[in-house]
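Here the numbering used here is used: the first residue of the sequence shown is 1, the next is one more, and so on.
Hints in this document: simulated from the structure, not taken from any laboratory.
Check the hints yourself; a few may be wrong.
[Unchecked claim] DSBU-like cross-link-like pairs, simulated, lysine-lysine; straight-line CA separation at most 35 Å:
1) Lys403 / Lys507
2) Lys472 / Lys609
3) Lys29 / Lys329
4) Lys1051 / Lys777
5) Lys29 / Lys403
6) Lys651 / Lys218
7) Lys380 / Lys329
8) Lys88 / Lys502
9) Lys1032 / Lys773
10) Lys651 / Lys74
11) Lys433 / Lys507
12) Lys29 / Lys184
13) Lys1051 / Lys650
14) Lys502 / Lys467
15) Lys88 / Lys184
16) Lys839 / Lys797
17) Lys651 / Lys472
18) Lys836 / Lys773
19) Lys777 / Lys836
20) Lys773 / Lys507
21) Lys414 / Lys329
22) Lys88 / Lys98
23) Lys675 / Lys98
24) Lys27 / Lys502
25) Lys27 / Lys609
26) Lys662 / Lys675
27) Lys650 / Lys88
28) Lys71 / Lys27
29) Lys329 / Lys218
30) Lys74 / Lys103
31) Lys650 / Lys1049
32) Lys403 / Lys380
33) Lys101 / Lys233
34) Lys29 / Lys101
35) Lys1051 / Lys1033
36) Lys1032 / Lys650
37) Lys74 / Lys184
38) Lys332 / Lys188
39) Lys101 / Lys88
None of these values were measured; they are calculated from a predicted model.
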Amino acid sequence: MKCISAFFSLCLVAAFVVAQPNYDFSKLKREHLGRGVIAIRENPSTVAVSWRYLSSDPMDESFDVYRDGEKINKHPVRNATFFQDIYKGTNSVLYTVKAIKSKTESSYQLPSDAPAGYLNIPLNRPENGTTPAGQSYYYAPNDASIGDVDGDGEYEIILKWDPSNAHDNSHDGYTGEVYFDCYKLSGKLLWRINLGRNIRAGAHYTQFMVFDLDTDGKAEVVMKTADGTVDGKGKVIGDAQADYRNEQGRILTGPEYLTVFNGLTGEAMQTIDYVPGRGNLMDWGDNRGNRSDRFLACVAYLDGIHPSVVMCRGYYTRTVLAAYDWNGKELKERWMFDSNHPGCEDYAGQGNHNLRVGDVDGDGCDEIIYGSCAIDHNGKGLYTTKMGHGDAIHLTHFDPSRKGLQVWDCHENKRDGSTYRDAATGEILFQIKDSTDVGRCMAADIDPTQPGVEMWSLASGGIRNVKGEVVKARVRGLSCNMAVWWDGDLLRELLDRNIVSKYNWEKGICERIAIFEGALSNNGTKATPCLQGDIVGDWREEVLLRTADNTALRLYVSTIPTDYRFHTFLEDPVYRISIATQNVAYNQPTQPGFYFGPDLQGTIFRGCKIPLPVSAQKKKTVVNDSNTPLHLLQPAYQGTYGDLTPEQVKKDVDRVFAYIDKETPARVVDKNTGKVITNYATMGEEAQLERGAFRLASYEWGVTYSALIAASEATGDTRYMDYVQNRFRFLAEVAPHFKRVYKEKGTTDPQLLQILTPHALDDAGAVCAAMMKVRLKDPSLPVDELIRNYFDFIIHKEYRLADGTFARNRPQRNTLWLDDMFMGIPAVAQMSCYDKEQKDKYLAEAVRQFLQFADRMFIPEKGLYRHGWVESSTDHPAFCWARANGWAMLTACELLDVLPEDYPQRAKVMDYFRAHVRGVTALQSGEGFWHQLLDRNDSYLETSATAIYVYCLAHAINKGWIDAIAYGPVAHLGWHAVAGKINAEGQVEGTCVGTGMAFDPAFYYYRPVNVYAAHGYGPVLWAGAEMIRLLKKQYPQMNDSAVQYYQVKQKTTAPIFAIDTEEKKD
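Generate the whole structure from the sequences, applying the supplied hints.
Have a look at this one:
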């Protein structure tokens, strides 16, 4: 097999004529599309009807629309395939669209009591299950695809059901079985396929291709199967009794198959051996199936006429692609590409977690963009850039001034960063190198002032244009996940979780234009829909999401009027295949094989004459002081600004709580098998706490427990307190048994050792303080022994300076960490309430610790604390790390809460607190966040510290320590910022991971952020709880475009008003 590298292909660039995709549409076998009529209720009085405009329609085609046989349009619909019908009834009605010239018609039945904005598709959810290890799991709708399985010209949905214990290849553990369903849009279930116990659940294991491969007008489904797979007719493939799962839940032996299923019935039509087989696992890079079980797949017009299916294995090391043709009876191998073949070694390790397909070299046949390399239509290597693996990739015609397609790719190798290349030759057109793993990149035409499609990544330095120039360095709300054509103009919108947002190029921010309430995205932080693309209706795209209770799908359809109609993008092979491959591993948005965007204005494109923009036709009215009240112009806020209610905050708090409740199980399991252990008396060294996303006994979770106690008090919602009590009761119950195991075996679960034998304040202080708080409220809670053990370490075993100040011997001898104020002092302060007989002793110790830290570490001229202080140093660098300053401010709140008003040194503690408040609030960013290094505004904006400050400010206002007028708006803005970092799953984004101490800025500037950094959850919950209290006591209101805090509710809703001097507080 002949393979060439990018170096050699670049030598030919001078003689190479780059061509556009050059399909011969007279020969290309494509779907027979119907009109795709859909009717969606926009509101109680309006129904939006839309339909497809096909390439077979004449340009002057026009349409009439009928409701239950009665024509409802006054004039033929000419310039769009969209119509708004005034219909207030709730009965089911039939909408019919008739093409006037071609004399065709298509209909859609609007259901009775139809919901607004979406089509509801009820599902038949699989039953819950239990693994051999005794762990239960449930099912949620995951990735989906579309295909016309019955030949009526309209699409059905093929849906994958993932069990809740699905795993990444890098993780051990049993998974539930994977199911596939086929549904009509009405919710009618056509069939179900069960892949069986010998196919593991996870994003990289099962790639399913849905396409009409034999061009008979009905789609097939192709995917990897195994012994025990049950087809849609109930027939078992292979050995029904076989079970190849090992004790780690992995499947490393047994036959592997490739099956073609009938799209209409789900019946297996042919099953062959999967090529290549796994063989020797080490040939792929490891011996546990992490690299050998990385699968991709695609559809491609390899001969320029018929669609072929390509099944792929491997991309970290060895890479194999096997292409097949299906003639309705038999799968025939067309070719196989293997990086182990002589001359192809440079193609190893170049694949992504996804791929793209298109005719990149203009020969009328599809090539496969396989990460950093490309495979030609004939199965030979086209080029390789040798830049290796990546997580995201985009293929389209980015630059209208340049021929051919281009690729925007991001790389994991901590060297090559992000690259923009010619899709046909691999020539790098520009590159942004970076020393990090660049895990996300996006491309969409979002700015009409820039030529072509814009692109950005996590390390691109902002939005870039096709010249590589930075368009906007920092954009609030700019996501890197998905995109969608939604609002009907020529720009593309961004899709992240259940939110559609639009880039406002004049303000330089992204603004939300649609939120799909009650629906959720999939795949964790990748936050992808079940499917995104043009499924029904006009040229715009739909979003398919699952409901929060996993019982239905919702197909969201835009009801925004559009002035354009285009031949459906589904007739473009590149676009249609991008829908078919969207489900592959790390889902990527659809993209066409042509440029689409504002640069088309003034042209005829896909059957539509696009007018020039108004600005090019007539002079725009200039806004000035004479014709406009300029002070009322809408400010270009970088984030949410304005009104806030307790109900809004509670909703955000609930979302976070639901997530952590799900991700922090309280069970003991066998670490080898995963089986739940209920008889603690007989457990041995194999026992450990079941691993969730977060540790139950970490200091971060100590903060979370205290936050939930506060949330329960602020809202009256007992679920929060139940969570705390149940986890503490569980820890108290199992701790003695783990202690026994430790004494007998000399080892036990490290997470329990934090409780049994704490070795640092991090292990003891925050959890101890929370336990005392809840124990004072519930005397029956059996945590006294745990409290005594924790507190014994804090008082008697923690390392100290000569004067008794809590200290560490890292990174230098006798180092004070600002973090340790919070890790130790609140527990000592709480002990004054828990052990009232020694109240004075513990209050004195808490105050002494606070003042000895503050006297050394507070910087009066900044109003901030330094992160570290080394006793032997003559100079003490002032790196004012935001979260450590948060811990210090939170410590002051915790201490002041228990100090009597007449305590001798209370005033000094309060002075430090107020000076710190002044210093911190002066540094709040315009977005509402605080920076990672507080006084360095080129460091990143950080969530957990911002949440801590919001709590402390709101708490201090509620306590009367600081002024609501001065600081209420600061906390208000901060909460808006924090709430914007709570994603649809309830995860907290933008939190700095655990951080040591350093004496240089780079250490702090480049600390990673991660949704699994537990430090963000407690502060966000605590801030939400205190904001609810604040909003119940104060009356914030917009006045002259600004948030103002009032002690009494204002009687006016005027945008600008003066205060009644006679008003008094109720």
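Pairwise hint evaluation, Lys329 against Lys380, where the allowed Cα distance is 35 Å at most: 27 Å, holds
Take a quick look at whether Lys433 and Lys507 sit within 35 Å of each other, Cα to Cα. With a Cα-Cα distance of about 28 Å, the restraint between Lys433 and Lys507 holds, given a limit of 35 Å.
Does Lys773 lie within 35 Å of Lys1032 when you go C-alpha to C-alpha? Holds, at about 24 Å.
Can the restraint linking Lys332 and Lys188 be considered satisfied, given a maximum Cα separation of 35 Å? With a Cα-Cα distance of about 33 Å, the restraint between Lys332 and Lys188 holds, given a limit of 35 Å.
Mind checking the alpha carbons of Lys88 and Lys98 for me, to see if they're no more than 35 Å apart? 23 Å, holds
Would the pair Lys773 and Lys507 pass a check requiring their Cα atoms to be no farther apart than 35 Å? 47 Å, violated
Please verify whether Lys650 and Lys1049 have alpha carbons no more than 35 Å apart. 21 Å, holds
Please verify whether Lys472 and Lys609 have alpha carbons no more than 35 Å apart. 31 Å, holds
Please work out if Lys662 and Lys675 have their alpha carbons no farther apart than 35 Å. Judged against 35 Å, a Cα distance of about 18 Å means the pair holds.
Between the alpha carbons of Lys29 and Lys184, is the straight-line distance 35 Å or under? Cα-Cα ~24 Å, so holds.
Given the hinted pair Lys675 and Lys98, is their Cα-Cα distance within 35 Å? Given pair Lys675, Lys98 is violated - Cα atoms ~61 Å apart, limit 35 Å.
Are the Cα atoms of Lys414 and Lys329 separated by 35 Å or less? Roughly 47 Å separates the two Cα atoms, so the pair is violated.
When each numbered hint is compared with the structure, violations occur for hints 4, 6, 10, 20, 21, 23, 24, 28, 33.
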